[in-house]
Every structure is written in structure tokens, then in C-alpha cells.
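As they're listed, the protein sequences go chains G and W. Take 27 as the starting number for the first sequence in my numbering and just add one per residue. Take 3 as the starting number for the second sequence in my numbering and just add one per residue.
Incorrect hints may have been included.
What the hints assert, rightly or not - Here are the computed distance ranges between Cβ atoms for each label pair:
1. W:19 / G:110: 37 to 43 Å
2. G:35 / W:54: 35 to 41 Å
3. W:57 / G:133: 31 to 37 Å
4. G:83 / W:41: 39 to 45 Å
5. G:53 / W:41: 38 to 44 Å
6. G:52 / W:68: 33 to 39 Å
7. W:47 / G:125: 20 to 26 Å
8. W:56 / G:38: 30 to 36 Å
9. G:80 / W:47: 25 to 31 Å
10. W:55 / G:83: 30 to 36 Å
11. G:44 / W:57: 47 to 53 Å
12. W:70 / G:126: 20 to 26 Å
13. G:54 / W:79: 33 to 39 Å
14. W:14 / G:106: 29 to 35 Å
To be verified - Capping the alpha-carbon separation at 30 Å, the derived lysine-lysine pairs in DSSO-like fashion look like this:
15. G:37 / W:103
16. G:83 / W:44
17. G:37 / G:79
18. G:96 / W:44
19. W:44 / G:37
20. W:60 / W:70
21. W:103 / W:60
22. G:83 / G:96
23. W:103 / G:96
24. W:71 / W:60
25. W:60 / G:83
26. W:103 / G:79
27. W:103 / W:70
What the hints assert, rightly or not - If you only want the chain G side, here are some residues facing chain W, beta carbon under 7 Å, derived:
28. 68
29. 69
30. 89
31. 120
32. 126
33. 127
34. 128
35. 131
36. 132
37. 133
38. 134
In short, the hints are calculated from the structure, not lab data. Using N, Cα and C, we set each Cβ at its ideal position, and we do this for glycine too.
What follows is the residue order along each chain.
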Amino acid sequence: DAGITQSPRHKVTETGTPVTLRCHQTENHRYMYWYRQDPGHGLRLIHYSYGVKDTDKGEVSDGYSVSRSKTEDFLLTLESATSSQTSVYFCAISEGTFLQETQYFGPGTRLLVL
Amino acid sequence: AQSVTQLDSHVSVSEGTPVLLRCNYSSSYSPSLFWYVQHPNKGLQLLLKYTSAATLVKGINGFEAEFKKSETSFHLTKPSAHMSDAAEYFCVVSMNTGFQKLVFGTGTRLLVSP
Numbered sequence: 027d028a029g030i031t032q033s034p035r036h037k038v039t040e041t042g043t044p045v046t047l048r049c050h051q052t053e054n055h056r057y058m059y060w061y062r063q064d065p066g067h068g069l070r071l072i073h074y075s076y077g078v079k080d081t082d083k084g085e086v087s088d089g090y091s092v093s094r095s096k097t098e099d100f101l102l103t104l105e106s107a108t109s110s111q112t113s114v115y116f117c118a119i120s121e122g123t124f125l126q127e128t129q130y131f132g133p134g135t136r137l138l139v140l
Numbered sequence: 003a004q005s006v007t008q009l010d011s012h013v014s015v016s017e018g019t020p021v022l023l024r025c026n027y028s029s030s031y032s033p034s035l036f037w038y039v040q041h042p043n044k045g046l047q048l049l050l051k052y053t054s055a056a057t058l059v060k061g062i063n064g065f066e067a068e069f070k071k072s073e074t075s076f077h078l079t080k081p082s083a084h085m086s087d088a089a090e091y092f093c094v095v096s097m098n099t100g101f102q103k104l105v106f107g108t109g110t111r112l113l114v115s116p
């Protein structure tokens, strides 16, 4: 499972509240990713990180921010949650050499915004 | 731009019969291709990957896929379905644009009946 954990695994929150999801890895991987999964869309990239304090946007980054202050932790924050952010969120790491990478995924966090 | 089309949203088979899940891709250069499986309420697990070595790729649990450049296809097969194969399967193409960007298909749900 590439040593990836996510917390919390389930969360229910109200519209307008801030939410932070945590991804933790134990194997010192440089690259980490946050995706969301919605029916009919597969997985879509929200943000990614290529090192401590180095992050960039993915294709669906609006309404989300990330931080990476330690190699092992990658945090995803919804500053003011909306119902459209109800989704399952997956963290991933990649390992392997350039052009030969493979991504491995965490168990997911199911978020419901009421 | 890279894209992936999974030709069937649902596939139903009987236990012991062959499985075929179809995937076509579009890529402007030689891609890396993956199949991931997701069991209900679980994360994504790597089944197999193609990275320009042998065109017939063997994965876990008896699955294999064949890369056909002339047909831009990467179909997933298994000779004999098992009940435990019931899950959602994602075909994924990788873009290497400084980081590994994955483009997911919309998934195929495999149903296996006794």
C-alpha cells in the first residue's frame, strides 16, 4: 500500500466551514498528489507537490489549497466548504525513475458537505 | 493532449467466463498506460502498467493487457472471471510534463454473476 494513510476517513461538515484533510506517507517520496473522485469523472487532480513547500495546481484546484511543511505530510484545505466539494478524496505518491513512475493511492477520505 | 476512453460503463460476465474491458487512448507521443482496480469503498490498486517494453503486459490476479499502437488500444483481459473480480476498473494514461500527470478514464464496472 506504499505506506500511505489518510485522515479522517469520513467527515461530515456544513457549508462555509473550513476542512483540512491529511495525507501521510512513510517512505520519503518526493511527489504527492491530491485527487477527487466523482461519479462519471474518474479521478481528477486537485494539487500536487514536488517537495517540501513546493506545490502546484491541478485541473480542479479552485476552492482548495495545500501545504507541505514536511516530506511525509501533504495537507488539503477547503477554506470554505461548499456542497459541490462533496466527494471522495484520494492522496497518491509516485515512485520510480523519470518516465517510469507509478502512482500509488491512499485509502481515501469520504467528505459530505451539507 | 492525452485522453482515455473506456468504451463500456458496465460489463457483466458469469463466473468462469472471459473478461474483456476495452480502453482506447489518445496521445501525441508514446504513452505510459495503466489499469487500476477499485473495490467498493476502497482505494485504487495498480493492476498492471505499460511503459514501452513488452506490448503484452501481465498484471496481478491473472489480468493482462495488450498495447496496440496501430489501434490506440489497451484492452484488459482475464481468461476466467472470479466473483472477487467484481469492481470498478480504470484505464489511465500518463503525461510526463515535468511531473507525472495521470488522465483517467471514466471507469468500467465489472459485474460477475454466479
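Results for each hint:
no.: 1; hint: W:19 / G:110: 37 to 43 Å; verdict: holds (41 Å)
no.: 2; hint: G:35 / W:54: 35 to 41 Å; verdict: holds (37 Å)
no.: 3; hint: W:57 / G:133: 31 to 37 Å; verdict: holds (33 Å)
no.: 4; hint: G:83 / W:41: 39 to 45 Å; verdict: violated (30 Å)
no.: 5; hint: G:53 / W:41: 38 to 44 Å; verdict: violated (23 Å)
no.: 6; hint: G:52 / W:68: 33 to 39 Å; verdict: holds (35 Å)
no.: 7; hint: W:47 / G:125: 20 to 26 Å; verdict: holds (22 Å)
no.: 8; hint: W:56 / G:38: 30 to 36 Å; verdict: violated (47 Å)
no.: 9; hint: G:80 / W:47: 25 to 31 Å; verdict: holds (28 Å)
no.: 10; hint: W:55 / G:83: 30 to 36 Å; verdict: holds (33 Å)
no.: 11; hint: G:44 / W:57: 47 to 53 Å; verdict: holds (49 Å)
no.: 12; hint: W:70 / G:126: 20 to 26 Å; verdict: holds (21 Å)
no.: 13; hint: G:54 / W:79: 33 to 39 Å; verdict: holds (36 Å)
no.: 14; hint: W:14 / G:106: 29 to 35 Å; verdict: violated (43 Å)
no.: 15; hint: G:37 / W:103; verdict: holds (28 Å)
no.: 16; hint: G:83 / W:44; verdict: holds (26 Å)
no.: 17; hint: G:37 / G:79; verdict: holds (26 Å)
no.: 18; hint: G:96 / W:44; verdict: holds (27 Å)
no.: 19; hint: W:44 / G:37; verdict: holds (16 Å)
no.: 20; hint: W:60 / W:70; verdict: holds (15 Å)
no.: 21; hint: W:103 / W:60; verdict: holds (23 Å)
no.: 22; hint: G:83 / G:96; verdict: holds (19 Å)
no.: 23; hint: W:103 / G:96; verdict: holds (22 Å)
no.: 24; hint: W:71 / W:60; verdict: holds (17 Å)
no.: 25; hint: W:60 / G:83; verdict: violated (34 Å)
no.: 26; hint: W:103 / G:79; verdict: holds (19 Å)
no.: 27; hint: W:103 / W:70; verdict: holds (22 Å)
no.: 28; hint: 68; verdict: holds (3 Å)
no.: 29; hint: 69; verdict: holds (5 Å)
no.: 30; hint: 89; verdict: violated (20 Å)
no.: 31; hint: 120; verdict: holds (5 Å)
no.: 32; hint: 126; verdict: holds (5 Å)
no.: 33; hint: 127; verdict: holds (5 Å)
no.: 34; hint: 128; verdict: holds (6 Å)
no.: 35; hint: 131; verdict: holds (4 Å)
no.: 36; hint: 132; verdict: holds (6 Å)
no.: 37; hint: 133; verdict: holds (5 Å)
no.: 38; hint: 134; verdict: holds (5 Å)
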